[in-house]
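Novice: Each chain, written out:
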Amino acid sequence: MWTILVQIFPYAIAFTIPLLITALGGLFSERSGVVNIGLEGLMVVGSFGGALAIAKLQPVFPNGAVWIGIGVAMLTGIVFSLLHAFASINLNANQVISGTAINMLAGALTVFLARNITGSGNIRIGSGLPRIDIPILSSLPIVGKLFFTQTYASTWLVLVILAISWYVLYKTAFGLRLRACGEHPHAADSAGVNVFWVRYIAVMLSGAFAGLGGVVILITYSGEFTGSVSGLGFLALAALIFGQWKPLGILGATFFFGFASTIANVSQVMPALASIPSVILKVFPYVVTLIALIVFSKSSQAPRAAGEPFEHGKR
Amino acid sequence: MKLQFKKGSAKSAVVAFLAIIFGLLAGALLIAVTGSDPFTGYAYLFKGGLMSTERIGDTLATSTPLILSGLSVAFAFKTGLFNIGASGQMLMGGFCATAVGLTLPLPFIILLPLEILAAIMGGAIWAVVPGFMKARFNVHEVVSTIMMNWISYWIIYYAVPAYFKGQFLETESRAIPDAASMKVNWLTHLFDGSFVNLGLFLAIVAVIIIAFILNRTVMGYELKAVGYNRFAAEYAGINVNRNIVLSMMIAGALAGLGGATMYIGNASNIQIGILPSQGFDGIAVALLGANSPLGSMFAALFFGLLYSGKGFMNAMIQIPPEIADTIIATIIYFAATSVLIERLVNMLRFRKRGQ
Chain L
1 MWTILVQIFP YAIAFTIPLL ITALGGLFSE RSGVVNIGLE GLMVVGSFGG
51 ALAIAKLQPV FPNGAVWIGI GVAMLTGIVF SLLHAFASIN LNANQVISGT
101 AINMLAGALT VFLARNITGS GNIRIGSGLP RIDIPILSSL PIVGKLFFTQ
151 TYASTWLVLV ILAISWYVLY KTAFGLRLRA CGEHPHAADS AGVNVFWVRY
201 IAVMLSGAFA GLGGVVILIT YSGEFTGSVS GLGFLALAAL IFGQWKPLGI
251 LGATFFFGFA STIANVSQVM PALASIPSVI LKVFPYVVTL IALIVFSKSS
301 QAPRAAGEPF EHGKR
Chain D
1 MKLQFKKGSA KSAVVAFLAI IFGLLAGALL IAVTGSDPFT GYAYLFKGGL
51 MSTERIGDTL ATSTPLILSG LSVAFAFKTG LFNIGASGQM LMGGFCATAV
101 GLTLPLPFII LLPLEILAAI MGGAIWAVVP GFMKARFNVH EVVSTIMMNW
151 ISYWIIYYAV PAYFKGQFLE TESRAIPDAA SMKVNWLTHL FDGSFVNLGL
201 FLAIVAVIII AFILNRTVMG YELKAVGYNR FAAEYAGINV NRNIVLSMMI
251 AGALAGLGGA TMYIGNASNI QIGILPSQGF DGIAVALLGA NSPLGSMFAA
301 LFFGLLYSGK GFMNAMIQIP PEIADTIIAT IIYFAATSVL IERLVNMLRF
351 RKRGQ
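Going line by line, the protein sequences match chains L and D.
88 is the number that my numbering gives to position 88 of the first sequence; each next residue is one higher, with no gaps.
283 is the number that my numbering gives to position 283 of the second sequence; each next residue is one higher, with no gaps.
Hints were generated in silico from the structure; no laboratory data involved.
This structure is a prediction, so every number in the text was calculated from the model and none was measured.
Built from N, CA and C at the ideal position, the CB exists for glycine as well.
Please note: incorrect hints may appear among the correct ones.
[To be verified] Residues from chain L that face chain D, not an exhaustive set, calculated with beta carbons under 10 Å:
id	residue
1	L82
2	F86
3	L237
[To be verified] Restraint-style ranges between C-beta atoms, simulated for each label pair:
id	chain 1	residue 1	chain 2	residue 2	range
4	D	F168	L	V269	47 to 53 Å
5	L	P277	D	A315	53 to 59 Å
6	L	N194	D	Y163	58 to 64 Å
7	L	G223	D	I109	26 to 32 Å
8	D	M347	L	A191	30 to 36 Å
9	L	G223	D	R351	28 to 34 Å
10	L	S275	D	Y163	18 to 24 Å
[What the hints assert, rightly or not] Sample of chain L residues with no beta-carbon within 12 Å of chain D, all distances over it, derived:
id	residue
11	V6
12	R124
13	Y167
14	R179
15	I201
16	Y286
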């Protein structure tokens, strides 16, 4: 059992990280009062921007290309998220529909452009990030084997962002204002907070983080842009609710998804699990989410003004 | 800022029309940027969908599942529910229909109604679960229907190879016999060998029935009342929870029927590993059609035309077929931000009056 756990742990973490950072982006957006179901599309554009930058730059800077790609992916995500911000903040559009348009546009436009560039619609990158063992920490008993061997640098980047996000949300004036905009925008407004700007910044953060999520998939386990992130953006959205709109909650929720999906993927080679039909293992994370949604429905911590446009005059 | 239109439907028709214009302009811009001529491109796109009787038939067939998925999303919208799970309901409905078609050796006249019933049941059951969760526990339907999408995706991923494995490929089911298909000889001949089938008539009948339910029955009135204002409806004595479940059930049944028109109509087997994109396109169809049954039908025909012409365009001139999806997505963005269009219309009117 222990050896199996040690073997699958790096995969589970690799699968968790893009979900975690994307859900964290969704958290900023929703805590400010803007529902963002365009996370899936924002991941796709991030993966596209990153793949294009890395594929073009790798021959020139073999070492730095991946990190430049990460930057480009976050920028692409921000630019694309402005479409959602403009629609839902300036034009009071239905945020769910605007998000759906973002998802559709991202999938179609990126493959359209990729086909013009590469011919096939897919973009392969030469190499992603290497797996590294953290010196000293990796020799610790138990945790060293689980958390500090075979890790990606991007994993640590995302965990640092998570810690900073927690600090910003709960310990700074900006975080307080952001949460106020999501709970009671009119109260925030009368206290002198510029609701429009706070929401713009929050949606842009969700674009940057989802873009990062998309490119992390690319540089860790997929290695190729294909025009889809196979529903991970929606899964991140579910993790956000599962995690009750809290940074540590979504860490737990996304790790659950990562671990459950990895178990389903490797069940064939594990004697202990091979007797369970694969379909049950595959369906397991989704069914548990449905049950969790029911359980949490009584004490939902959803931001009260999420999804509602803010209008100055309406009080 | 209020619009001065006389009727709501006239207003939404103008918005839809302008959204289409903007979408086509954005597409033209993209085609031009990538180094082709937009006019030639669009000429091939529309020729590809309309230039012969067979191609017109194919366009109608391509539109059929879109009509039904659009109707499904529009119907749920009327009750204030966002059915983003039409894909999963289509997959489940299509799978149930295929299973019946492959299992029961019955003549066409008995088999087809059974298949349709199975599809409707499959889709309805798949939508009742999120409907019940919404009514009883207030779980948001966007997330629960997406979870249901993936559950159906994996169930079919394993069920098809296990029970209905194809002759050559592991990734698709056996082909259904002729007696189980919605394709009929007279229709195929009428359209010079096109794959258009009885599904089209089912879709038209569904449009009529849904329009009747929404506009002429007490049930339709109650469903819409719940959509306009849940609390006012409850105060007026309408059973809100029952209507939410009912609305999702009918929406799921429509999507399930749409799945049947795809898998036993346009196609003759079911593939694994694909969530039908037609379910998500249903959102676009409903939005462009302003959630009205007839509007959804026209929107679906237009999108069907874009989809069916894109292959021809790609073959004649080097424009990637994804241009059709990009145009549709742009149209949806403009339809969603209809305030922008309304402001534009008002501005133009104001100018005219000022002169």
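Novice: If a hint holds in the structure, say so; if it doesn't, say that too.
Specialist: So, going through the hints one by one against the coordinates:
1. L82: violated, 12 Å
2. F86: With a minimum Cβ separation of about 8 Å from chain D (threshold 10 Å), the hint on L:F86 holds.
3. L237: Result: holds, 6 Å to nearest chain D Cβ.
4. D:F168 to L:V269: 47 to 53 Å: violated, 28 Å
5. L:P277 to D:A315: 53 to 59 Å: violated, 44 Å
6. L:N194 to D:Y163: 58 to 64 Å: With a Cβ separation near 59 Å, L:N194 and D:Y163 satisfy 58 to 64 Å, so the hint holds.
7. L:G223 to D:I109: 26 to 32 Å: Violated, at about 53 Å.
8. D:M347 to L:A191: 30 to 36 Å: holds, 35 Å
9. L:G223 to D:R351: 28 to 34 Å: Violated: the Cβ-Cβ distance is about 55 Å, outside 28 to 34 Å.
10. L:S275 to D:Y163: 18 to 24 Å: holds, 20 Å
11. V6: holds, 27 Å
12. R124: holds, 18 Å
13. Y167: Its Cβ never comes within 12 Å of chain D, the nearest being 28 Å, so this holds.
14. R179: At roughly 20 Å from the nearest Cβ of chain D, L:R179 sits farther out than 12 Å, so the non-interface label holds.
15. I201: holds, 21 Å
16. Y286: Violated: least Cβ distance 4 Å, not greater than 12 Å.
Hint compliance for this structure: hints 1, 4, 5, 7, 9 and 16 are not met, and every other hint is.
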